[in-house]
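Trainee: Below are the chains, spelled out letter by letter.
There are 2 protein chains.
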Amino acid sequence: MGLPEKFISCDWGTSNFRLRLVQTDSLAVLSEHTTNMGIKKRYLAFQAQDNSSQEQFFTDYLVQQLGNLELKGEKNLVIIASGMLSSSIGMRELPYSPLPLDFQGNDLISKYINLDNSLDVILVSGAKTNADVMRGEETQAIGMSGHLPRKGKGLLILPGTHSKHLFFDGGKFNSFITFMTGELFEVIGQHSVLAASLEAVKWDACFKNVFLDGLQKGIDNKQMASFFSIRANTLLQNTPASENYYFLSGLLIGGELAYLKERDETVYLGATGITNSLYQMALEAVLPAERIKIFSANVLEKALLLGQRKVLATYAI
Amino acid sequence: MGLPEKFISCDWGTSNFRLRLVQTDSLAVLSEHTTNMGIKKRYLAFQAQDNSSQEQFFTDYLVQQLGNLELKGEKNLVIIASGMLSSSIGMRELPYSPLPLDFQGNDLISKYINLDNSLDVILVSGAKTNADVMRGEETQAIGMSGHLPRKGKGLLILPGTHSKHLFFDGGKFNSFITFMTGELFEVIGQHSVLAASLEAVKWDACFKNVFLDGLQKGIDNKQMASFFSIRANTLLQNTPASENYYFLSGLLIGGELAYLKERDETVYLGATGITNSLYQMALEAVLPAERIKIFSANVLEKALLLGQRKVLATYAI
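Here the protein sequences line up with chains A and B, keeping their order. Take 7 as the starting number for the first sequence in the numbering used here and just add one per residue. Take 7 as the starting number for the second sequence in the numbering used here and just add one per residue.
Hint data in this document are derived by calculation from the structure and do not stem from the laboratory. Treat the numbers as computed from the prediction; the structure is a model and nothing was measured. One or more of the hints may lead you astray.
As the list makes no split between identical chains, a pair holds if one copy fits it or if it spans any two.
Claimed, not checked - Straight-line distance between alpha carbons at most 35 Å, and here's what the computed DSBU-like set of lysine-lysine pairs gives:
{"id": "1", "residue 1": "Lys-46", "residue 2": "Lys-208"}
{"id": "2", "residue 1": "Lys-214", "residue 2": "Lys-267"}
{"id": "3", "residue 1": "Lys-81", "residue 2": "Lys-267"}
{"id": "4", "residue 1": "Lys-267", "residue 2": "Lys-134"}
{"id": "5", "residue 1": "Lys-117", "residue 2": "Lys-208"}
{"id": "6", "residue 1": "Lys-267", "residue 2": "Lys-47"}
{"id": "7", "residue 1": "Lys-159", "residue 2": "Lys-78"}
{"id": "8", "residue 1": "Lys-267", "residue 2": "Lys-159"}
{"id": "9", "residue 1": "Lys-47", "residue 2": "Lys-208"}
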């Protein structure tokens with residue numbers, strides 16, 4: 007039957023909801039609609055009512071939001087949803103796909119659901135090892151895999167609230183590790199004694215030295231001994247809170263990347279904006295330049311759609 | 007003039023306030039009164055009024071609480087206050103005493119204040135290096151120093167919300183490092199995604215293996231890569247939240263002590279109760295038994311009073 011001309015991409019995360027009408031061939035986004043109705047918020051709303059089943063309650067929201075996309079009379083479009091919609095607090099829980107996962111997406115567990123006459127959904131599951139889990143990043147990673155070497159090994163790093171480090175070899179993702187770097191940054195910055203010593207400001211080149219200073223302490227595994235120095239430097243040296251902010255950022259990213267000192271893979275970085283800049287500086291402090299590859303913004307922007315199209319292709323027999 | 011027969015010990019921390027009438031020779035506590043009026047709370051109350059100066063506002067509370075001690079008509083008692091009362095949010099800010107600090111307490115900065123005819127206070131300052139600060143622990147450490155070797159070097163560890171590691175050599179504390187271990191445990195446990203996977207339960211020997219497992223990962227500097235495994239283990243293995251609690255505890259304490267692998271000092275541990283048990287297990291995983299010395303509960307209980315008596319002695323010319 008081949009691939010349909012268009013599909014609808016659904017990216018329903020913990021905190022945000024996004025629908026896109028996508029041209030299958032070009033992956034051009036024809037229409038887009040986002041809300042802040044993350045899975046968590048919708049699940050709380052589900053718990054607060056008793057008229058609908060969990061599946062119906064999530065379906066209702068999907069159908070309702072579809073009305074905000076410019077579909078121009080298109081019918082029978084399939085929605086591909088990766089991320090939290092297949093979790094226990096989503097529409098229908100799917101078991102995690104166990105690693106290894108081949109680059110084509112054939113190993114991903116997904117479920118085709120005909121919800122009613124006009125709504126077909128393909129739910130994509132997360133992935134797991136014996137010790138770690140993810141939901142959403144596996145689809146992105148598979149989307150980016152066309153730009154990864156099919157022979158030999160490497161490491162794909164997707165920074166974020168929960169940074170994912172995916173190890174691949176011979177066209178398969180074989181294992182991964184989650185680092186709570188982004189969440190630790192938020193939690194320490196907002197709820198610890200350091201909160202008064204930190205000020206969130208936009209990146210500027212003048213912060214490079216403090217960032218690299220924190221980074222090196224993280225790489226040297228001096229993280230635990232360095233957190234409180236932020237408070238002490240405020241009291242003793244009047245270090246500006248904006249500088250401390252990037253020192254802490256460096257410290258945590260350094261802690262995340264420290265183990266790379268002892269590895270020999272080439273590292274592929276998949277991040278955008280300031281996150282990309284900070285992780286690139288950080289990787290350059292740990293690895294020789296020839297072992298660092300940076301994904302272009304264009305590939306990253308399309309990564310989820312590419313991955314979702316691969317899943318769609320597994321149904322197009 | 008010699009030492010007075012009795013003195014009043016004031017221990018005013020961020021969250022609690024404690025007064026004790028102490029027999030100087032024996033350090034026996036003759037009367038005790040505690041409240042939860044920590045410095046922080048009192049400082050907020052000070053900011054919310056405009057009748058009194060900051061010094062007067064703290065003095066008023068001290069005088070008022072003295073009425074709750076059984077002083078039996080004793081007059082002209084001196085109060086020795088270490089901790090936060092000499093901070094910027096206390097009665098009168100004193101500069102930090104720079105290290106090194108000799109075991110006798112002679113290097114501690116303190117200030118004798120005659121507040122009115124019946125109230126004399128000796129404010130004891132905190133201590134600092136170029137990169138770290140403390141308030142209160144320096145007095146405890148000096149109190150414990152009679153049980154530390156006066157010749158040669160060693161390390162005194164005082165675990166807590168902000169664990170202090172004090173390095174000494176030849177009868178002087180020369181440097182220290184603060185580890186935010188206790189605070190990180192609270193902040194991560196209460197405000198991160200791990201909160202749902204953790205349950206605070208009393209220590210039981212059945213938790214020893216998970217504690218040691220977390221500990222080893224901390225010692226091996228695999229902390230950053232291990233936080234999220236707590237969440238993953240909840241999802242994948244149904245690991246009980248009570249076990250995760252001690253795994254996280256081990257992970258953080260392991261991270262605090264990891265650097266000891268590369269040191270050669272004998273370590274003196276000053277902790278009580280379950281904290282003492284956990285740190286003792288942790289130290290035994292890093293160091294040979296002959297390099298670990300544990301302070302008795304009795305010495306620890308008197309540590310602050312011993313330190314305060316040493317400060318008092320510097321005034322008894």
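Trainee: Now tell me if each hint is right for this structure.
Mentor: Each hint tested on the structure:
1. In the homo-oligomer, the alpha carbons of Lys-46 and Lys-208 lie at most 35 Å apart both inside one protomer (29 Å) and across protomers (31 Å), since each shortest distance falls under that limit.
2. For the identical chains of this complex, Lys-214 and Lys-267 are neighbours both inside a copy (21 Å) and across copies (32 Å), given an alpha-carbon limit of 35 Å.
3. Taking identical chains as interchangeable, the C-alpha atoms of Lys-81 and Lys-267 are never at most 35 Å apart, the minima being 53 Å within one chain and 66 Å between chains.
4. Taking CA atoms no more than 35 Å apart as the test, Lys-267 paired with Lys-134 passes in both settings, with 25 Å inside one copy and 34 Å between copies.
5. For a Cα distance limit of 35 Å, the shortest separation of Lys-117 from Lys-208 qualifies neither inside one copy, at 42 Å, nor across copies, at 44 Å.
6. Taking the shortest Cα distances, Lys-267 and Lys-47 never come within 35 Å of each other, neither inside one copy (40 Å) nor across copies (46 Å).
7. Taking CA atoms no more than 35 Å apart as the test, Lys-159 paired with Lys-78 passes in neither setting, with 45 Å inside one copy and 79 Å between copies.
8. Taking the shortest Cα distances, Lys-267 and Lys-159 sit within 35 Å of each other both inside one copy (16 Å) and across copies (33 Å).
9. When the C-alpha separation of Lys-47 and Lys-208 is checked against a cutoff of 35 Å, the pair qualifies both within a copy, at 29 Å, and between copies, at 33 Å.
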